[in-house]
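Protein chains in written order, with the working numbering: chain A, 55 to 347; chain B, 132 to 468.
Simulated from the structure, these hints should not be mistaken for laboratory data. It cannot be assumed that every hint is accurate.
Said to hold, decoys possible - Each computed DSS-like pair below joins lysine-lysine, with the alpha-carbon atoms no more than 25 Å apart:
hint, chain 1, residue 1, chain 2, residue 2
1, B, LYS197, B, LYS174
2, B, LYS174, A, LYS157
3, A, LYS271, A, LYS260
4, B, LYS437, B, LYS234
5, A, LYS157, B, LYS252
6, B, LYS154, B, LYS234
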Amino acid sequence: MMHKDLKAEKSERRRLQASRSASNRLSRYVPLQAEVIDIDVESSNTYLISLRPLDEEDETVRLEYCPGQFLMVSVFGLGECPISIASTPTRDPLQICVREAGKITQGIMASRVGDVMGIRGPFGNGFPVEKMKGRNVVITGGGSGFATLRSLINYIADNREKFQDVTVAYGARTPHDLYFTSEYGSWQAAGIEVGITVDMMDASWKGNVGLVTSLLKDINPAPGTAALCGPPMMINAVAKDLVNRGFLEPDIYISLERHMKCGIGKCEHCTMGPYHVCTEGPIFSYDVVGDLL
Amino acid sequence: MTTTSALFLDHENLVPLLEELAKTLEVVAPVYAEGEPVFATWKGEALALDADNPLNSPVEFFLPQKEVLFKYVQYSGRYTFQEEPPKSRLILGMRPCDLQAIKVLDEIFGTELPDHPYASKRMSTIIVVLNCTSPGEGCFCASMGSGPVVEEGFDLLLTDVGPGYLVESGSPAGMFILRAQSHHFEEALPEHLKEKERLLDLAEEEITKRRPALTPEQIREAIDETDWEEVERRCLRCGGCSLICPVCHCFSVMDRGVPDGERLRCRDSCVLSGFSRMTSGANPRASLGERLRHWYLDKFVYIPEKTGMLGCVGCGRCSRVCLSEIDRWSILREAIE
């Protein structure tokens, strides 16, 4: 019996060594392949794509990541671009939310279930969830920046008892541009306050109209920590508003978007002052980047 | 002088030595291209060791203008990837300033999250430095602390002391070459060592006289004082200054080929407008002036903060290739005068 265990252990170790030496052989620029296992349409130009990362034997690989990190996603022949992880590490599968912007995102969105794309990562620091535990959390976003915040919201929903009051304030251009509409109910059920607003309403809309800052006025969140992602103008306005409400600048975490080519702090495309957004970010506290926004 | 491993290589013996080395290694050396010294694979042509520092920097053999990161091959919906192993190489005639650039790049590309394509080339390259005894017109290595004296980081160090080269070894690989090729070398004489000191002292004096050193505080002040809109008007936006710089390492990545093909990386420049622009059209450094300022800040403030070394080695190539004849060092000097 014991003999058998030893043998199994030995073969397992050999397998691990083989995979490790395989990963040593190939550089950080060589991606893993990930199979598309599901595609959800979030809006007319945005898809939520579920992925199954594969090893060389076509077996599923579990990717370790935390909310706020991103992947370099590639379509071979078109190129590679940074995409936020939209899923929470507490649930399977790995998901990315892609909005049509250029030729690479168009290529990603043209994939069908069963196709593979390249992924590298996860990259970046992610939201400092350990620092957020035991405190109030306000999660505020606008536009496609909401994808990375969804990772954090679902992470919190799955660890709800570890956080104090949690509030989501989310704004989109029109009701059709709202993402993850089917999940708001589950967030509320988990004890998260959810506020939604749109810039421009249509006949079907019965909710709030206006900027996210006006939504915050109604919600009036108690000071604690905050996670922000969205257009720079919105982030600036929200961060200032939160500071006025008594939030401390180091407690306001902002996820930034930049042009990126490598994800590992070499290519210099994402530099912002002295920082590499890909390795030192994409999450920065407001006291660090407030002047650079 | 105590016992030293310094040897002497007669000028006559250099080419036979290279010919023997070229049997097992790719030898890269300064040669002439239309009269201009350039680093290229040596195929037996005349060497340009007496000329100024070549137009291109030897960093191109670690971070080429264009290189294949890997090849992708598709088979029934799945891909396999292939990387090319690096060549064994010897670079002859690298100057102290370029060696310093490699030290900076080692820090950026080799330590945290190593860059495999760079690191693998670096590991398989032997560096033979040539001491700069007659500095070029636009050189300012002494003001940047990157030359003309070099103490470490090379495999072999040559100094032209008149009838031949004083040869010093700086690594086990260098020592190995000296032993394996010992028939080309003689014992160095004390006067060779003395001549080396004399020539380097002269060179340092010459460079410092032409372009005195600036302190980090002076440079910071100069960057703040410079009217970047003025520089913007002169700049022709070619990006040549970055592409030729031995420390600049900006790159872009692109694919070529469907369904099989290769992922390439090409040198890029933070001075160009598309560099930081996102697909949405938003550009964090929208004006050329801001980008030129960033170019300086990165070299003189950000890289020093990260690596403890300046991001400029004073080779003067940026000013040499500038179509608008913008002298990078003079901009700083004039700003604080």
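Structure-based check of all given hints:
no. : hint                  : result
1   : LYS197(B) / LYS174(B) : 22 Å, holds
2   : LYS174(B) / LYS157(A) : 43 Å, violated
3   : LYS271(A) / LYS260(A) : 19 Å, holds
4   : LYS437(B) / LYS234(B) : 13 Å, holds
5   : LYS157(A) / LYS252(B) : 33 Å, violated
6   : LYS154(B) / LYS234(B) : 28 Å, violated
Comparing the model with each earlier hint shows violations of hints 2, 5, 6; every other hint is respected.
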